[in-house]
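*Asks:* So the sequence lines, in the order shown, correspond to chains A and B. Position one of the first sequence corresponds to residue 1 (the working numbering), numbered consecutively onward. Position one of the second sequence corresponds to residue 1 (the working numbering), numbered consecutively onward.
The set of hints was computed from the structure by calculation and includes no laboratory data. Glycine residues also receive a C-beta, built at the ideal position from the N, C-alpha and C atoms. A portion of the hints provided could be inaccurate.
Listed next, the in silico DSSO-like pairs over lysine-lysine satisfying Cα-Cα at most 27 Å (straight line) [to be verified]:
1. Lys121(B) / Lys427(A)
2. Lys121(B) / Lys172(A)
3. Lys427(A) / Lys454(A)
Stretch-level coverage of chain A by chain B, calculated; a stretch enters the list once three of its residues show a Cβ under 8 Å from a Cβ in chain B [stated by the list, open to error]:
4. 163-177
5. 193-201
6. 327-340
7. 399-410
Spelled out from the first residue to the last, the chains are:
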Amino acid sequence: MAATGRVTVVLAASAVTLLTALPLKAEEGDYSVWQTLVNLVSPPKADNKVTAAQRQGNYPLRTNPSGFADGFRPGAYSEWQTVQLAPETGAVCGDGSPYKFFVNRTANTRNTILYMEGGGACWDYASCTGQTGVRGARNPNGIPDDYMSLLNPGSSLVSPFVTRVSPFDAVKTQQWNMVYVPYCTGDIYSGDKVAVYNDPSGAAAPLVWHHNGVRNTRAVIAWLKDNLPRPTQMLSTGCSAGGAGSLTNYYPTRRDLAPTRGYLIDDSGPIFPTPANGNPQTYPSQPLMAKIRGVWGLDAASGPLPYLASGMPQFDLGELGSLYTALSAKFPNDRLGHTHFWKDLNYSGYSYERFYPDIYNAPTQAAKEQQIHARWDIDTGRLSQRLNGLDNFGGYFPQYRALNESHCTTIVDFKNADIQAQNLQLKNFIDSVLDGQGKVLDASEQSDQADRAKPFNLLYWLVDQLLA
Amino acid sequence: MKPAPAIAATVLLALLGLWAWVGAQGVGTTAPAGPGPTPRAVQGSEPAGADALQASPQARAWQERQAFEARARRFMRDAPGLGAVQRSEQARDLSASIDHYESNGGLSAGESLLLRSGLIKASVDDPALQAQQLADLMERYRRHADQRMQAYTAQHANDPRFQDYKARERAIVAEVMGLAAIPGGSSRDQYLRQRLQQARVAAYR
Chain A
1 MAATGRVTVV
11 LAASAVTLLT
21 ALPLKAEEGD
31 YSVWQTLVNL
41 VSPPKADNKV
51 TAAQRQGNYP
61 LRTNPSGFAD
71 GFRPGAYSEW
81 QTVQLAPETG
91 AVCGDGSPYK
101 FFVNRTANTR
111 NTILYMEGGG
121 ACWDYASCTG
131 QTGVRGARNP
141 NGIPDDYMSL
151 LNPGSSLVSP
161 FVTRVSPFDA
171 VKTQQWNMVY
181 VPYCTGDIYS
191 GDKVAVYNDP
201 SGAAAPLVWH
211 HNGVRNTRAV
221 IAWLKDNLPR
231 PTQMLSTGCS
241 AGGAGSLTNY
251 YPTRRDLAPT
261 RGYLIDDSGP
271 IFPTPANGNP
281 QTYPSQPLMA
291 KIRGVWGLDA
301 ASGPLPYLAS
311 GMPQFDLGEL
321 GSLYTALSAK
331 FPNDRLGHTH
341 FWKDLNYSGY
351 SYERFYPDIY
361 NAPTQAAKEQ
371 QIHARWDIDT
381 GRLSQRLNGL
391 DNFGGYFPQY
401 RALNESHCTT
411 IVDFKNADIQ
421 AQNLQLKNFI
431 DSVLDGQGKV
441 LDASEQSDQA
451 DRAKPFNLLY
461 WLVDQLLA
Chain B
1 MKPAPAIAAT
11 VLLALLGLWA
21 WVGAQGVGTT
31 APAGPGPTPR
41 AVQGSEPAGA
51 DALQASPQAR
61 AWQERQAFEA
71 RARRFMRDAP
81 GLGAVQRSEQ
91 ARDLSASIDH
101 YESNGGLSAG
111 ESLLLRSGLI
121 KASVDDPALQ
131 AQQLADLMER
141 YRRHADQRMQ
151 AYTAQHANDP
161 RFQDYKARER
171 AIVAEVMGLA
181 AIPGGSSRDQ
191 YLRQRLQQAR
201 VAAYR
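One chain only, chain A, in its complex shape (with noise of 0.2 Å):
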């Protein structure tokens, strides 16, 4: 009796110590508090692991060779690890360098997010080579092993969703494992072709261009299911090239962790809904569409665009932004949504500016910024437009932020992308996607008078000016 007295006090002890450190809400995919426990001594193993037939085939699930030393240690909780990605799992940088990418478990859930960094895409030998006045691509010399612990761009613009602890917002994937997926292909993780780009002034040799961020995604995603349990929730999301990527490579990600439930967050970048032989008046982003299905060796047979429309009969080649109908369709019981502003000029001014020569060659940048905004207005409109019609693939497009040419609405803060008109704010979408039930909420602001009349934000115009 005495003994089992004993033990019963420090239960209790335990349970009120743990209790008080769990999240108050309790969410599935989280562990119990005696699971946790076991954890923290004995890391969960891998409970979904790529199948010999997952490493077949067109775009195969390939891990790292036996005995290669990947730097992940199980039981390291709460610290962003380094993972590495031998060659032979098809992963490499832009450059040619390995690739590597980061993982902050915790022990209480399986729950996880997957983070797709942003930085821009590059599509020739001005672009990819980081030509000054030319907008480029992230991380052209590759990823260092210390990269979380250096300040990049791309950390500068960390989002609250992958904090641990945000002094700005609560969201429930800074609970979860996280993963970081850094960029370094210049292609929004979305294609697959070694470029070999020649300078177009003959002084320099040719950049041969990895443009391989399929292979890479599917290199991660071979990892997680052989190193960790499979998740009960995940959010698949990402900022531009990150928020694109998500969109893109959503589909085979989500067939193959297998979460129990699935949710996607693209912030910012958008695959408009465009004709492949649209007229480049009604349809803006066509040029640079077709650019990029021909560099980046999206159209090639068994590439990756027929290998996504293999699995989804609705995803129409010749209108890429039917991704958004056929994921809708091939998942109806996930939750996702799509976020933009209005006025951004950054995503707007890749889709754009390289272009048109009304914009390249506008005479003041006051007339380049309005014909940029001209064709995203029509562009956003009409991607608006189809999300409505999508119970499960919400819209949400506020108009403007004075951050990073108002990209991205989920960097920093979750703040000041708000819709004032109809009383919303960002988290409101956010919760409808990761918490809500029916339709995900769509909205769309008229005017940006109110967004322009706040006041200056110190922090913010820091950040630009680590960007500039």
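Go by the hints and put chain B onto chain A.
*Replies:* Structure of chain B alone, referenced to chain A:
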């Protein structure tokens, strides 16, 4: 007013009740759907090992980390209502914890920067001083990142395995681009990718 022993007993009973409820709920143990086996919460064996688990270095480190996160959240929420001295002390204490976790990889540079920004915004009332401290903070991180990136770029460019691969890459690209016919029925793009992957395997062996 109840006597202390009665209060203690009530609290213990309440805690045991809560514990029993948590156990019954399984605290959201994973839903059954999907291909992987559903994990079961450890049940019959907890009592014997509970104290050892609770006392393990892993459990202590984890609890300390959870406590740090809870303190940070509480501070960000409550700071406006705290006195200046209390606010300053708590901010200093949290700053030391951020130093600790940042140095051992427990916080990324971006997380640390945002947290430190939050501390300044919550604990420094004077707008000019707040602006100066935020600017200094950003500059410190930017300078550190610039130095480290320069070091990385130099090290990367001189990495013998990378140099080896780039030499192989040049040769393979020239060869494959010059081929009149691609062996094995692949496309030129597929063949080039496969050859370059083999070169990386060889260079990084």
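*Asks:* Does Lys121(B) pair with Lys172(A) here, judged by a C-alpha cut-off of 27 Å?
*Replies:* 24 Å, holds
*Asks:* Go check the region 163-177 of chain A versus chain B for me, would you? Three or more residues, Cβ under 8 Å, otherwise it fails.
*Replies:* Contact hint for the region 163-177 of chain A vs chain B: holds, 7 residues under 8 Å.
*Asks:* Report holds or violated for chain B covering the region 193-201 of chain A, Cβ cut-off 8 Å, minimum 3 residues.
*Replies:* holds (count 3)
*Asks:* CA of Lys427(A) to CA of Lys454(A), is that 27 Å or under?
*Replies:* Roughly 19 Å between the alpha carbons, so the hint for Lys427(A) and Lys454(A) holds.
*Asks:* Are at least 3 residues of the region 399-410 of chain A within less than 8 Å of chain B when you compare beta carbons?
*Replies:* With 0 residues close enough to chain B, the hint is violated.
*Asks:* Given the hint that Lys121(B) pairs with Lys427(A), does the C-alpha gap stay at or below 27 Å?
*Replies:* Judged against 27 Å, a Cα distance of about 21 Å means the pair holds.
*Asks:* Counting residues of the region 327-340 of chain A whose CB is closer than 8 Å to a CB in chain B, do you get three or more?
*Replies:* Contact hint for the region 327-340 of chain A vs chain B: violated, 0 residues under 8 Å.
Checked against the numbered hints above, the structure violates hints 6 and 7; every other hint is satisfied.
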